[in-house]
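Undergrad: Just so you know, the sequences run in chain order A, B, C and D. Just so we're aligned, residue 0 is where the first sequence starts under numbering that gives the first Met the number 0, counting upward by one. Just so we're aligned, residue 0 is where the second sequence starts under numbering that gives the first Met the number 0, counting upward by one. Just so we're aligned, residue 0 is where the third sequence starts under numbering that gives the first Met the number 0, counting upward by one. Just so we're aligned, residue 0 is where the fourth sequence starts under numbering that gives the first Met the number 0, counting upward by one.
These are calculated hints, taken from the structure and not from any lab test.
Below, a list of computed lysine-lysine pairs in the DSS-like style, where the Cα atoms sit at most 27 Å apart:
| no. | chain 1 | residue 1 | chain 2 | residue 2 |
| --- | --- | --- | --- | --- |
| 1 | C | K135 | C | K187 |
| 2 | D | K187 | C | K146 |
| 3 | D | K187 | D | K135 |
| 4 | C | K89 | A | K143 |
| 5 | C | K154 | D | K135 |
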Amino acid sequence: MSSDRERRETLIATIADLLDGVRHVAVGASSPIPAAGAMLLRAREMRDGKPPVRISILGSQKHNFFTNGGIELFDCAAQGRVDAFFLGGGQIDGHGNINLVGTGDYPRTDVRWPGSFGSAYLYHLIPRVILFREEHSPRVFVPKVDFISAKATTPEVARRGGPYALLTNMALFDFDRDAGRFSLRSVHAPFTPADIRENTGFAYEEPDVIAETPRPDAATLALLRGQILDELAETYPGFARSMKQAA
Amino acid sequence: MSSDRERRETLIATIADLLDGVRHVAVGASSPIPAAGAMLLRAREMRDGKPPVRISILGSQKHNFFTNGGIELFDCAAQGRVDAFFLGGGQIDGHGNINLVGTGDYPRTDVRWPGSFGSAYLYHLIPRVILFREEHSPRVFVPKVDFISAKATTPEVARRGGPYALLTNMALFDFDRDAGRFSLRSVHAPFTPADIRENTGFAYEEPDVIAETPRPDAATLALLRGQILDELAETYPGFARSMKQAA
Amino acid sequence: MTEIVALDALVSRIASGQTLAVPVDRSGVAMAATAEIIRAGIDNLHLVCVPISGLQGDLLIGAGAVATLETSAISLGEAGAAPRFGAAIKAGSFRMRDATCPAIHAGLIAAQHGVPFMPIAGIIGSDLLAVRPDWKVIDSPVGDGGKVVVVPAIKPDVALFHAPEADRDGNIRIGRFRELATMAYAAKRTLVTVERIVDRNLLATEDSAAGVLPALYVDAIAVAERGAWPLALWDEYPADEAEIARYAAMARSEEGFRAYLSTFLSHRKQVA
Amino acid sequence: MTEIVALDALVSRIASGQTLAVPVDRSGVAMAATAEIIRAGIDNLHLVCVPISGLQGDLLIGAGAVATLETSAISLGEAGAAPRFGAAIKAGSFRMRDATCPAIHAGLIAAQHGVPFMPIAGIIGSDLLAVRPDWKVIDSPVGDGGKVVVVPAIKPDVALFHAPEADRDGNIRIGRFRELATMAYAAKRTLVTVERIVDRNLLATEDSAAGVLPALYVDAIAVAERGAWPLALWDEYPADEAEIARYAAMARSEEGFRAYLSTFLSHRKQVA
Numbered sequence: 000m001s002s003d004r005e006r007r008e009t010l011i012a013t014i015a016d017l018l019d020g021v022r023h024v025a026v027g028a029s030s031p032i033p034a035a036g037a038m039l040l041r042a043r044e045m046r047d048g049k050p051p052v053r054i055s056i057l058g059s060q061k062h063n064f065f066t067n068g069g070i071e072l073f074d075c076a077a078q079g080r081v082d083a084f085f086l087g088g089g090q091i092d093g094h095g096n097i098n099l100v101g102t103g104d105y106p107r108t109d110v111r112w113p114g115s116f117g118s119a120y121l122y123h124l125i126p127r128v129i130l131f132r133e134e135h136s137p138r139v140f141v142p143k144v145d146f147i148s149a150k151a152t153t154p155e156v157a158r159r160g161g162p163y164a165l166l167t168n169m170a171l172f173d174f175d176r177d178a179g180r181f182s183l184r185s186v187h188a189p190f191t192p193a194d195i196r197e198n199t200g201f202a203y204e205e206p207d208v209i210a211e212t213p214r215p216d217a218a219t220l221a222l223l224r225g226q227i228l229d230e231l232a233e234t235y236p237g238f239a240r241s242m243k244q245a246a
Numbered sequence: 000m001s002s003d004r005e006r007r008e009t010l011i012a013t014i015a016d017l018l019d020g021v022r023h024v025a026v027g028a029s030s031p032i033p034a035a036g037a038m039l040l041r042a043r044e045m046r047d048g049k050p051p052v053r054i055s056i057l058g059s060q061k062h063n064f065f066t067n068g069g070i071e072l073f074d075c076a077a078q079g080r081v082d083a084f085f086l087g088g089g090q091i092d093g094h095g096n097i098n099l100v101g102t103g104d105y106p107r108t109d110v111r112w113p114g115s116f117g118s119a120y121l122y123h124l125i126p127r128v129i130l131f132r133e134e135h136s137p138r139v140f141v142p143k144v145d146f147i148s149a150k151a152t153t154p155e156v157a158r159r160g161g162p163y164a165l166l167t168n169m170a171l172f173d174f175d176r177d178a179g180r181f182s183l184r185s186v187h188a189p190f191t192p193a194d195i196r197e198n199t200g201f202a203y204e205e206p207d208v209i210a211e212t213p214r215p216d217a218a219t220l221a222l223l224r225g226q227i228l229d230e231l232a233e234t235y236p237g238f239a240r241s242m243k244q245a246a
Numbered sequence: 000m001t002e003i004v005a006l007d008a009l010v011s012r013i014a015s016g017q018t019l020a021v022p023v024d025r026s027g028v029a030m031a032a033t034a035e036i037i038r039a040g041i042d043n044l045h046l047v048c049v050p051i052s053g054l055q056g057d058l059l060i061g062a063g064a065v066a067t068l069e070t071s072a073i074s075l076g077e078a079g080a081a082p083r084f085g086a087a088i089k090a091g092s093f094r095m096r097d098a099t100c101p102a103i104h105a106g107l108i109a110a111q112h113g114v115p116f117m118p119i120a121g122i123i124g125s126d127l128l129a130v131r132p133d134w135k136v137i138d139s140p141v142g143d144g145g146k147v148v149v150v151p152a153i154k155p156d157v158a159l160f161h162a163p164e165a166d167r168d169g170n171i172r173i174g175r176f177r178e179l180a181t182m183a184y185a186a187k188r189t190l191v192t193v194e195r196i197v198d199r200n201l202l203a204t205e206d207s208a209a210g211v212l213p214a215l216y217v218d219a220i221a222v223a224e225r226g227a228w229p230l231a232l233w234d235e236y237p238a239d240e241a242e243i244a245r246y247a248a249m250a251r252s253e254e255g256f257r258a259y260l261s262t263f264l265s266h267r268k269q270v271a
Numbered sequence: 000m001t002e003i004v005a006l007d008a009l010v011s012r013i014a015s016g017q018t019l020a021v022p023v024d025r026s027g028v029a030m031a032a033t034a035e036i037i038r039a040g041i042d043n044l045h046l047v048c049v050p051i052s053g054l055q056g057d058l059l060i061g062a063g064a065v066a067t068l069e070t071s072a073i074s075l076g077e078a079g080a081a082p083r084f085g086a087a088i089k090a091g092s093f094r095m096r097d098a099t100c101p102a103i104h105a106g107l108i109a110a111q112h113g114v115p116f117m118p119i120a121g122i123i124g125s126d127l128l129a130v131r132p133d134w135k136v137i138d139s140p141v142g143d144g145g146k147v148v149v150v151p152a153i154k155p156d157v158a159l160f161h162a163p164e165a166d167r168d169g170n171i172r173i174g175r176f177r178e179l180a181t182m183a184y185a186a187k188r189t190l191v192t193v194e195r196i197v198d199r200n201l202l203a204t205e206d207s208a209a210g211v212l213p214a215l216y217v218d219a220i221a222v223a224e225r226g227a228w229p230l231a232l233w234d235e236y237p238a239d240e241a242e243i244a245r246y247a248a249m250a251r252s253e254e255g256f257r258a259y260l261s262t263f264l265s266h267r268k269q270v271a
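The following block holds chain A by itself, in its conformation from the complex (with noise of 0.2 Å):
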């Protein structure tokens, strides 16, 4: 149990410092580890005297500072008010593009998921897209997705947004614009390189040394163990709660 608990306090750490120097991120629903790294982030910021972080997530009533209805969040990273959004998918591939459709021939898909959302718009407007996805397999990681929900790259038009990393149980990638594809940039303990190789169904970088993905540190388990637990606790009580009887 502590080790599911590590594994999710690392993947917390490493949002917020994914996250670091925006003003304003995003978090869909029922994103418990996204909302902790955004809160671990403004937590931290605050602690440091810097600009206040505004975290908007959809879905809650506490967390909401908009006011025009659904069409605000969207509206708001149009207008490049939004500098962080996380995104998953049930297939991501190699060039960053992400299929919440389906596997198979459209329409009747082998496996249908709920649809794409908002991805195919928010992917081209937000400057920092981090994907997350804590499944690391070959199913999840492929070579080229069936359904293209949302482009990672289009260079026939100017973007401002698009994928940053690729956050999941066993490691981080980030993710090169101009190249168009994942560079691994640190390993989660006790996962190897080769561990990463076997579960990723898409070519990526492999630079000679990888680092391992540091845990965070006492101040950090400090704020994150207490402050942010008990602010999760207000929009996601069960996630709140497991992580506290892990303790």
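Starting from the known structure of chain A, fit chains B, C and D onto it as the hints suggest.
TA: Okay, now just chains B, C and D, sitting in the frame of chain A:
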């Protein structure tokens, strides 16, 4: 004074008749006579047990049932939810085109009026636009306007809106959209068809027999001088007062 | 003129084959009216989810009421995948029109403004463009002439939602859920169920008026207490997560779905 | 982060040559800030009136602060024509961009949605199309391909208005005057003067939140009591019709205008 009051009463009653059958009429700011006509229609329909008539008075907080800001009237018209509206014009020509910009060469016009407001848009979208201009003179009613703020007919595009009638201090004209011209319907006493010819700078159809614009009947006058002036006083206190004083 | 009618009379204004726009779970879903739609046998609907749906969409699909589904997603949220949606996709039992959230908003906004289409940012490169031939990529007629996606206006025959309250004039309190207003602007008819009718005029003050859909856009209202159940109604009651989880489990099979539906319809009947 | 600053500090965020969007008289016009703009000598402005203006526009024109005027009308309403506007048109002292009300809204809405243009109904046949070469007539890429007008996005450098109250977080109460929100969404920066700062959180309830422009869009706020005077502020005070009539009379001549302006600036200074 009494004749000025009678003139206004005839205009108001004529407007109510022109609005017969509409469910939603919008009235511009500072238009007490059109507003009074709309209120007279509403009172008469209510008295006769007919479906209610909605009146939107632009810029009025009291007669405003819009909640989406300044664009809502325009959207509402585009949705086909506004049946009637009033437009004036520094110049109105025989094709029904109106000029709210100025005379002479644009942009350094000899006379400059405020501007086109929403006319260029609403003329296309509101089925029953009543042109209302009290001054009946050749400088207003010209063969061809110097600047077309809003065009009356555009065979090149489908439209539901356009001029329905032209009401002045002297006469009432119908507008024939297919022919793109006005036809004299009635003349207000004491004027004669010859007066109209003399004071109208554009050509128009003139039937063999020209009716006299009817004076409001007793029931209408009672409604107008009582309930309508009271309702009007909320939005146009000065106008209502001057009508009462003239009694 | 807004009429205040009984729930079955409200729903009788929806005809089979019409385009029906419904909101996302959190904005106020007319679940009682949905039960009545199914009971009345209204079908062949073109369902437009603004911009996604959950239990309501899955129930209508499972009941065979949907001929065309236009949505950016169908999901039961915490309770997982929408089982009847998945089964119907596999069976090919309706026409699927996959979208992305802001494109559905944009289509309704085009109808709000009375224009045939709206340009929309992003989307280029997505396979949605391949499966939505009604969406076009054009060269922008202004500026640098770059590529931009345009989507056609969405003009639903009926917009249907649930709200906390209406006043006697037919004004509806929608709070910040302005997509409900957009749906109503765009739709030919708007039908609303409410928890209650209040005596005060909702347009009386600027504060209360700001969160109001005016009666002008509302054709009929019916009172349906707990009318969003088992979904949440903002400011009123939370979602009944246990009930939604029960649905998610039962609806995995066609038989389980039928059993759930039967109980659901009779439960809603009792409340009404 | 919204900053609460003094009026002169607020106005110092507007630079000569910028595009400044201001609302129609009834929506909340920042007249105190307008006096400060003139006093500070900010000029060469591209003034966008949303969608028309009155006293504010005429004062700025008379003071020589306007290089380009984009509006659907300038009028003092009951008090008649805007005299400095008329005089400046005759003198050709600024670039005039005549518009029609919904086209200005549409331009701002394009910026709100982050698209280069918006289609708009009507307008065809109007000479506005001749004098606004930035407006285009295109064949609709969807539907029957009929002609439709498109207008480019309007992205003001600064949106400036006056409202009754802000809370300490920077949220602004705008009631039903949603064009104020549209201006803020479209603008790079939004500056707001208010009658007062309140301690309660304006986003606390759905009712109050519905009439709020969130702090996210607001760069700076200054308190300016009776900050719309002599114009009206909804829910607060009516227009000072006598003062506006006095302006209308005095501003008929350049000298009269100068005299009025001098008194107006010192009056506003006293209030501030």
